[in-house]
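Colleague: In case you want the letters, here they are:
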Amino acid sequence: MSKHILFNALQLLVVMGFSPLAMGVLNRLKEIVQSKQGPSIFQPYRDLYKLFSKDEVVAEESSWIFRVTPYIVFVAPLFVTLLIPVLTSYPLFWAFMADMVGAGFVLALGGFFASLAAVDSANPYGPMGASRTRMVGFLAEPIFLIVFFTVSFVADSTIPFIVQQQWVTPQSNFFKPSHILLLVAFVMLILAEKGRLPIDNPAGHFELAMIEESKELEYSGQGAALMKWGGWMKFFVLMIIFLNVLLAPWGLASTMNWGAVLWAIPLLLIKILLFIVLLVFIESSLAKLRLFRISEFMSAAFVIAVVAMLTSIFKQ
Amino acid sequence: MQAFQNMTPLLANLNALAGSLFIIATFGIVATRQVRACLKFFILQSALLAASAFLLGSNPLSMHLIAVGIINLVAKVWFLPWLLRRQVEEEVYTRREITQVFSIPASLIIALLLTVAAYFFSLPWVKTAADAGALSINVPVGLAGLLLGGFTLSTRREAVPQLLGILAMENGAFFAGIAIAPDLPMIAELALAFDILLLTFVVGVLTRAVHERIGSTAVGKLTNLREEVQQ
Amino acid sequence: MILFVLISIPLAAAALSSSSSQARFGSMISVIGAVAALALSGWVAVDVITSSKHVLVAIPGWIAIDALGALILLLIAVVNVTATLFSVGYMDFTTTGDSHRYYLNFNLFVFSMFIVPLLQEPNIVWIAVELTTLFSVLLVGFENTREALEAAWKYVVLTLMGAAIALLGFLVLYWAARQAGITHYTWAGLEAGAPQMSPVLLKAAFTLILVGFGAKVGLVPLHTWLPDAHSQAPTPVCALLSGIETTAVLYVILRLLPVMSAAPAIHANTWLLIFGLISVGTAAFLLLRVRDYKRLFAFSTVEHMGIILAAFGLGGTAAHTAAMLQIVGHTLTKSFCFYTAGSVLQMTGTRNIASVRSVIRRSPLIGVALLLGGLAIAGAPPFVLFLSEFSILRAGLNQGEYLTTGLLVFFIAIAFFAIMNHIGRMVFGSTEVGDPIRPYVLPVSSRMTLILAVVPVIVLGVYIPGPLQQLITLAAAVLGGRG
Numbered sequence: 001m002s003k004h005i006l007f008n009a010l011q012l013l014v015v016m017g018f019s020p021l022a023m024g025v026l027n028r029l030k031e032i033v034q035s036k037q038g039p040s041i042f043q044p045y046r047d048l049y050k051l052f053s054k055d056e057v058v059a060e061e062s063s064w065i066f067r068v069t070p071y072i073v074f075v076a077p078l079f080v081t082l083l084i085p086v087l088t089s090y091p092l093f094w095a096f097m098a099d100m101v102g103a104g105f106v107l108a109l110g111g112f113f114a115s116l117a118a119v120d121s122a123n124p125y126g127p128m129g130a131s132r133t134r135m136v137g138f139l140a141e142p143i144f145l146i147v148f149f150t151v152s153f154v155a156d157s158t159i160p161f162i163v164q165q166q167w168v169t170p171q172s173n174f175f176k177p178s179h180i181l182l183l184v185a186f187v188m189l190i191l192a193e194k195g196r197l198p199i200d201n202p203a204g205h206f207e208l209a210m211i212e213e214s215k216e217l218e219y220s221g222q223g224a225a226l227m228k229w230g231g232w233m234k235f236f237v238l239m240i241i242f243l244n245v246l247l248a249p250w251g252l253a254s255t256m257n258w259g260a261v262l263w264a265i266p267l268l269l270i271k272i273l274l275f276i277v278l279l280v281f282i283e284s285s286l287a288k289l290r291l292f293r294i295s296e297f298m299s300a301a302f303v304i305a306v307v308a309m310l311t312s313i314f315k316q
Numbered sequence: 001m002q003a004f005q006n007m008t009p010l011l012a013n014l015n016a017l018a019g020s021l022f023i024i025a026t027f028g029i030v031a032t033r034q035v036r037a038c039l040k041f042f043i044l045q046s047a048l049l050a051a052s053a054f055l056l057g058s059n060p061l062s063m064h065l066i067a068v069g070i071i072n073l074v075a076k077v078w079f080l081p082w083l084l085r086r087q088v089e090e091e092v093y094t095r096r097e098i099t100q101v102f103s104i105p106a107s108l109i110i111a112l113l114l115t116v117a118a119y120f121f122s123l124p125w126v127k128t129a130a131d132a133g134a135l136s137i138n139v140p141v142g143l144a145g146l147l148l149g150g151f152t153l154s155t156r157r158e159a160v161p162q163l164l165g166i167l168a169m170e171n172g173a174f175f176a177g178i179a180i181a182p183d184l185p186m187i188a189e190l191a192l193a194f195d196i197l198l199l200t201f202v203v204g205v206l207t208r209a210v211h212e213r214i215g216s217t218a219v220g221k222l223t224n225l226r227e228e229v230q231q
Numbered sequence: 001m002i003l004f005v006l007i008s009i010p011l012a013a014a015a016l017s018s019s020s021s022q023a024r025f026g027s028m029i030s031v032i033g034a035v036a037a038l039a040l041s042g043w044v045a046v047d048v049i050t051s052s053k054h055v056l057v058a059i060p061g062w063i064a065i066d067a068l069g070a071l072i073l074l075l076i077a078v079v080n081v082t083a084t085l086f087s088v089g090y091m092d093f094t095t096t097g098d099s100h101r102y103y104l105n106f107n108l109f110v111f112s113m114f115i116v117p118l119l120q121e122p123n124i125v126w127i128a129v130e131l132t133t134l135f136s137v138l139l140v141g142f143e144n145t146r147e148a149l150e151a152a153w154k155y156v157v158l159t160l161m162g163a164a165i166a167l168l169g170f171l172v173l174y175w176a177a178r179q180a181g182i183t184h185y186t187w188a189g190l191e192a193g194a195p196q197m198s199p200v201l202l203k204a205a206f207t208l209i210l211v212g213f214g215a216k217v218g219l220v221p222l223h224t225w226l227p228d229a230h231s232q233a234p235t236p237v238c239a240l241l242s243g244i245e246t247t248a249v250l251y252v253i254l255r256l257l258p259v260m261s262a263a264p265a266i267h268a269n270t271w272l273l274i275f276g277l278i279s280v281g282t283a284a285f286l287l288l289r290v291r292d293y294k295r296l297f298a299f300s301t302v303e304h305m306g307i308i309l310a311a312f313g314l315g316g317t318a319a320h321t322a323a324m325l326q327i328v329g330h331t332l333t334k335s336f337c338f339y340t341a342g343s344v345l346q347m348t349g350t351r352n353i354a355s356v357r358s359v360i361r362r363s364p365l366i367g368v369a370l371l372l373g374g375l376a377i378a379g380a381p382p383f384v385l386f387l388s389e390f391s392i393l394r395a396g397l398n399q400g401e402y403l404t405t406g407l408l409v410f411f412i413a414i415a416f417f418a419i420m421n422h423i424g425r426m427v428f429g430s431t432e433v434g435d436p437i438r439p440y441v442l443p444v445s446s447r448m449t450l451i452l453a454v455v456p457v458i459v460l461g462v463y464i465p466g467p468l469q470q471l472i473t474l475a476a477a478v479l480g481g482r483g
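Protein chains in written order, with this note's numbering: chain A, 1 to 316; chain B, 1 to 231; chain C, 1 to 483.
Source of the hints: derived by calculation from the structure; they are not laboratory data. Since this is a predicted model, take the numbers as computed values, not measurements. Please note that a few of the clues may not be correct.
What the hints assert, rightly or not - Pairs of lysine to aspartate or glutamate residues, derived as DMTMM-like cross-links and limited to a Cα-Cα distance of at most 25 Å, are as follows:
{"#": "1", "chain 1": "B", "residue 1": "Lys40", "chain 2": "A", "residue 2": "Glu213"}
{"#": "2", "chain 1": "A", "residue 1": "Lys271", "chain 2": "A", "residue 2": "Asp99"}
{"#": "3", "chain 1": "A", "residue 1": "Lys36", "chain 2": "A", "residue 2": "Glu60"}
{"#": "4", "chain 1": "A", "residue 1": "Lys194", "chain 2": "A", "residue 2": "Glu61"}
{"#": "5", "chain 1": "A", "residue 1": "Lys30", "chain 2": "A", "residue 2": "Asp156"}
{"#": "6", "chain 1": "A", "residue 1": "Lys54", "chain 2": "A", "residue 2": "Glu296"}
{"#": "7", "chain 1": "B", "residue 1": "Lys40", "chain 2": "A", "residue 2": "Asp99"}
{"#": "8", "chain 1": "B", "residue 1": "Lys127", "chain 2": "C", "residue 2": "Glu191"}
{"#": "9", "chain 1": "C", "residue 1": "Lys53", "chain 2": "C", "residue 2": "Glu191"}
Stated by the list, open to error - Derived contacts from chain B toward chain C, CB cut-off under 8 Å, selection only:
{"#": "10", "residue": "Ser58"}
{"#": "11", "residue": "Pro60"}
{"#": "12", "residue": "Leu146"}
{"#": "13", "residue": "Ala173"}
{"#": "14", "residue": "Leu198"}
{"#": "15", "residue": "Val203"}
Said to hold, decoys possible - Okay, the calculated bits of chain C under chain B, using three or more residues with CB under 8 Å as the criterion:
{"#": "16", "region": "166-174"}
{"#": "17", "region": "200-208"}
{"#": "18", "region": "391-405"}
Heads up, the beta-carbon is just placed ideally off N, CA and C, and yes, glycines get one too.
Chain A on its own, in the form it takes in the complex (with noise of 0.2 Å):
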């Protein structure tokens, strides 16, 4: 029991620590790729000690949700850690608290606070990125929801622990239509919930075509830390998520020993880097879509989440 709570204290850090580690590569990847030589990977590291030794300065027309925002924004994904499989395949301590959909609740829940704070601040570009992001948001949650009720309707649970042991470590289902569908649309969905391209450029300084990045304009020194750090652990998380439950569960521990677990790690980091690799891929080959072709984006992902949701539901 006690191992069990050690191991769950153990996925947080994990997920705290090397979040920005994951950001670091993927930037330096990204300027590698245009013959650039970027940013060292660390620098994400150093960019959060000098937020935290800044001084705050905060709007005098904002409200306490301006204030509390940073902290949701924080332990939202930390949250999510304690309910989804990271380091081992055999359900934590807290993994019933929730279930997947709980678990894009909590989720939303941070993006939501976020929102409500870049209008809260009375910055013209804060309330017109939110307005953005809101609509990518809407668009993306039928198919959300549509994964998951697949999902859950093959592996007869919710849990993610039970759904990956039913549905994706059985070496046939790999190649299920299904599955593989599902894979696509999830990616997509990726690109759209964390800003990336071709929803939006993460690497641009134009107030007035940002949608992710608007939200953490008017933050600076301890909630300018909170709010970037809190917005790499979710999509560290989302990638965990994506790899753990749907893709490839493989080397995760499934025993109880502190060597297994210790060494689920590097593979874990493993299987983050090939991810990041074919993210980077994807993202230096598209350019950004105009703002109404998003719908056209989001629609084509749900179409595809529909089709595997036929096909796998009509072959019972």
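For chain A, the structure is supplied; the task is to place chains B and C on it using the hints.
Modeller: Same frame as chain A, now just chains B and C:
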């Protein structure tokens, strides 16, 4: 139908994957904005048809299905785009936008409904077979391809996308056919390939004539023959 | 044997006539070929009537011909003769495409129609029907005007869409046959093995083929291409299209009837009846509004296809025999009507009904022909269509189908009124005061064709020669006559 009893689960899954990608490619034909992209999705769809034929014909080995796959690859993936390019060059290989009756998300939703309808209608047919096997994939997907091709046909106002809609319909019927009738006489297959090429040639000639007459291939603008128009 | 010779004639004619750009040469070759083909078809028909099983077999399981096929074959050959004859004087190749393209496509089109009744394997029949579409498309657009191209485009798109749907239907039919263990996949084999085939699959196949090929026959609501294509094409081609090509595709649908009668739950007859009535009704009402006289005849084709379909939907030997006579009558009458329309077009240069007046004073021959054609196609006595329609209605009353018969009478009456209204004004109407009446003389070939074509239309209304009657009865028997 006895032919598919020996299919390994891996082959069955790969075939199912080919079927799903076939539907996605057909969605691509319905929902693209440019003629060139439409053609690319059609080529993808034909390649998936050939892939399914190869998969179904691999175990037990059926030279017939392999031949079907090869004929399809040669005719639709290689020859047809070349033929279209020769007949209707500027239209296919420019990045012109297609006029559509519905917007792209609306088209996709309607296409989805048609796919669900296809599954709904074809399920009783599949149930009549003793061992469904590949039939439960190919027949619904084929019918969906047929309906979606017909939908593309009715909602486009350009010549080349309409032609691609017709060919997509035939692809869909074929996709169902390779599972339904794996032992169709070879002459039927050859005649079909010839027919498709002849079709493309004829439509290409016609498209060129239309282009010469009205200066573009927007056949949606040809609406003179009506009863209601007052002269 | 003889069947091979028969189908090689139009092929040879196509090859020969395309080798020279002299219009005279091409037309001569085609006419000679058509006459030879007619002779051979007649020979085939006589063979079928006199043989014991009423079937002529060339390659067992692939190429054979029975009574129904022989009838259709004969009709194709007759229309071919009159159409090629009419083309001689009618086709003026100065403004449209070249003559060798015309005759090449024409003969290929006729070839593709010839092979439809000869083939016994349903999948190959589908290919043959597809070929008829492909070879006729360029003919429809031959005049290269904007309207002609529009008609050709709508024709090709709608028809090929229907063909793809029918392809799936044929595949499902093959599926049902394989499941039932039928080894000889021919029309006859299907009929024999019908009771073992799964009703679900049969229903699916029937629906798909009816909808798919129904588009090509001109059944509402997929008929929208028909008035355009059948009016914009050059007149001899119109005669071929309206007279026999729609009938040939209808023949393919009818081949399914004996198979479907083994599964009564499908209500195949009811569907035929419903579709037929809808077509007749729509065509009748649209006939009131036409402004182009070739479209008038094209709509009349839709109407008659509907009547034939409804007659087969009624079922029973009497209705089937009457429907067969209707098929014969319609082919002969419709081709004649189109020849008169072509003559009027040659004379006046316009397709508009309102612009054509007082035809009979300019050319008595054309006027009389137009009048006779209108009466004949509308179903007036003593023409053959009156006889067949009357028989159909009588068969319907005998079976107690009062609603159907009543509706048929109502729609035919409306069509009659519409057609006679338009034709009457064209033939007799007075021109503006002061317009000089310029007499018009038709080319010899057109006159010959008109006279040649009108004879059977009148004769068959009063007397049907013995062999023909035998052929019709045998053909009806092929379709079972049950139901």
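Colleague: All hints, please: hold or fail.
Modeller: Going down the list of hints, with the structure as the test:
1. B:Lys40 <-> A:Glu213: Since the Cα atoms of Lys40 of chain B and Glu213 of chain A sit roughly 35 Å apart, the hinted pair is violated (cutoff 25 Å).
2. A:Lys271 <-> A:Asp99: 24 Å, holds
3. A:Lys36 <-> A:Glu60: 41 Å, violated
4. A:Lys194 <-> A:Glu61: Violated: Lys194 of chain A and Glu61 of chain A sit about 28 Å apart, past 25 Å.
5. A:Lys30 <-> A:Asp156: 40 Å, violated
6. A:Lys54 <-> A:Glu296: 42 Å, violated
7. B:Lys40 <-> A:Asp99: 41 Å, violated
8. B:Lys127 <-> C:Glu191: 24 Å, holds
9. C:Lys53 <-> C:Glu191: 16 Å, holds
10. Ser58: Given a least distance of 21 Å, the restraint on Ser58 of chain B is violated.
11. Pro60: 17 Å, violated
12. Leu146: 6 Å, holds
13. Ala173: Holds: closest Cβ of chain C sits about 4 Å from Ala173 of chain B, inside 8 Å.
14. Leu198: 5 Å, holds
15. Val203: 6 Å, holds
16. 166-174: Holds: 5 residues of the region 166-174 of chain C have a Cβ under 8 Å from chain B.
17. 200-208: holds (count 3)
18. 391-405: violated (count 0)
In this structure, the hints that do not hold are numbers 1, 3, 4, 5, 6, 7, 10, 11, 18, in rising order.
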